[in-house]
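Novice: Since chain A is already given, all that's left is putting chain B on it; use the hints.
Protein chains: 2
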Amino acid sequence: MKTGPMQPIEFFFDFASPYAYLASARIDDLGRRHGRLVLWRPILLGAVFKVTGMKPSMLMPMRDEYLRHDVARCARAAGLPLVWPDAMPLNSLIPARVFHWLEMTERSDLARTLAIDVFRAHWGRGEAPETVEAVADLSTAHGLNPGEIDQACRSAPVKDRLRAVVDDAISRGVFGSPFFLVEGEPFWGADRLADLDRWLATGGW
Amino acid sequence: MKTGPMQPIEFFFDFASPYAYLASARIDDLGRRHGRLVLWRPILLGAVFKVTGMKPSMLMPMRDEYLRHDVARCARAAGLPLVWPDAMPLNSLIPARVFHWLEMTERSDLARTLAIDVFRAHWGRGEAPETVEAVADLSTAHGLNPGEIDQACRSAPVKDRLRAVVDDAISRGVFGSPFFLVEGEPFWGADRLADLDRWLATGGW
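Sequence order for the protein chains is A and B. The numbers in our numbering rise by one with no breaks, and the one at position 165 of the first sequence is 215. The numbers in our numbering rise by one with no breaks, and the one at position 166 of the second sequence is 216.
Chain A with its partners taken away, still in its complex shape:
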């Protein structure tokens, strides 16, 4: 029998991943139903791909076509808006740094609503929130000073923090997006949320 507080669900993702967008709309509710905190962990898949030798599906023949078809089908099923960005994949360095800067400065809730805002801008409206200006333009960021965002993105502690989060993810086996870890159990893909749900409900099998 387990005692003590329940372990959180870690939700690793790259803003450039459409399946992470699909998962982002469901993961908090899933966590709530199981009484689990969900820790959002934006990472950079580019760094991970260097280890695995993978590359973005949207840059691969045949897989790109399926991805567009499948993501649209999943978005329709979930009732989520979807507008294909002109350029993919997004360079998610800046929004990831802004997220971690907000977390480092004890604004975790703001970091999460900003992440949701980035996902909605990129996948729901087809925008490219990959510059300081574009991120500062998101409604969540309206209370923030653009100069301060810019400075944060250039600061060594923020750069180091993102790098540390990515390295930690890789060291724990995270190689894709979205990727979930709870009590060491890994689940890769938005299509595995039902498995994660069942795992938490049953205690595993």
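Rather than coming from a laboratory, the hints here were simulated on the basis of the structure. Note that the structure is a prediction, hence the values are computed from the model and not measured. All C-beta atoms, glycine included, are put in the ideal place defined by N, C-alpha and C. Please note that the accuracy of each hint is not assured.
To give an idea of the chain B side of the interface with chain A (calculated C-beta under 8 Å), a few residues [as the list claims (entries may be wrong)]:
1. M110
2. R113
3. E115
4. G223
5. F225
6. W255
Specialist: Showing chain B alone in chain A's frame:
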């Protein structure tokens, strides 16, 4: 309103794919529930990977470890036996040719039971049914003449048939295993059988 006979479900797979093994245990029942024929289509992923630039997950750092964990977890959930083969991936050329030879000679039912036998030998018992001798040793093949199997695997019509099936699959967007096509709608992965099920139940969305 649709009339006429319902389109079959095409089930594309490589015997070397553990997720195809998982799907093979469920797809016929799914087809039956929807009154659909299921056409089994063994292909060679090697030929597909040349187009996409992908390679087997079991040969990629990090993904290999996840695959072993995830396949074992899925097999437990499904109550399927799983013994990891010593060498992966299997060279599935011979069993694929034997399958298509049986189909070409109007023994489709035998082809399917042989395919199930190949999956069970490889993934359920960890064997390597990749030679004529090993395939002839499978219980399904006991009524067949090993010399005849060997001759079939070397014959131009059988080689051509497998090549044609693979080329046709690629031309219709099949890039992974298992991969399902029904009325032009593609579903990739054993974890999408629930989606395929819902698609057939609802007529799509």
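Novice: Are any of the numbered hints broken by this structure? If so, which, sorted upward?
Specialist: Hints that this structure does not satisfy do not exist here, as all of them hold.
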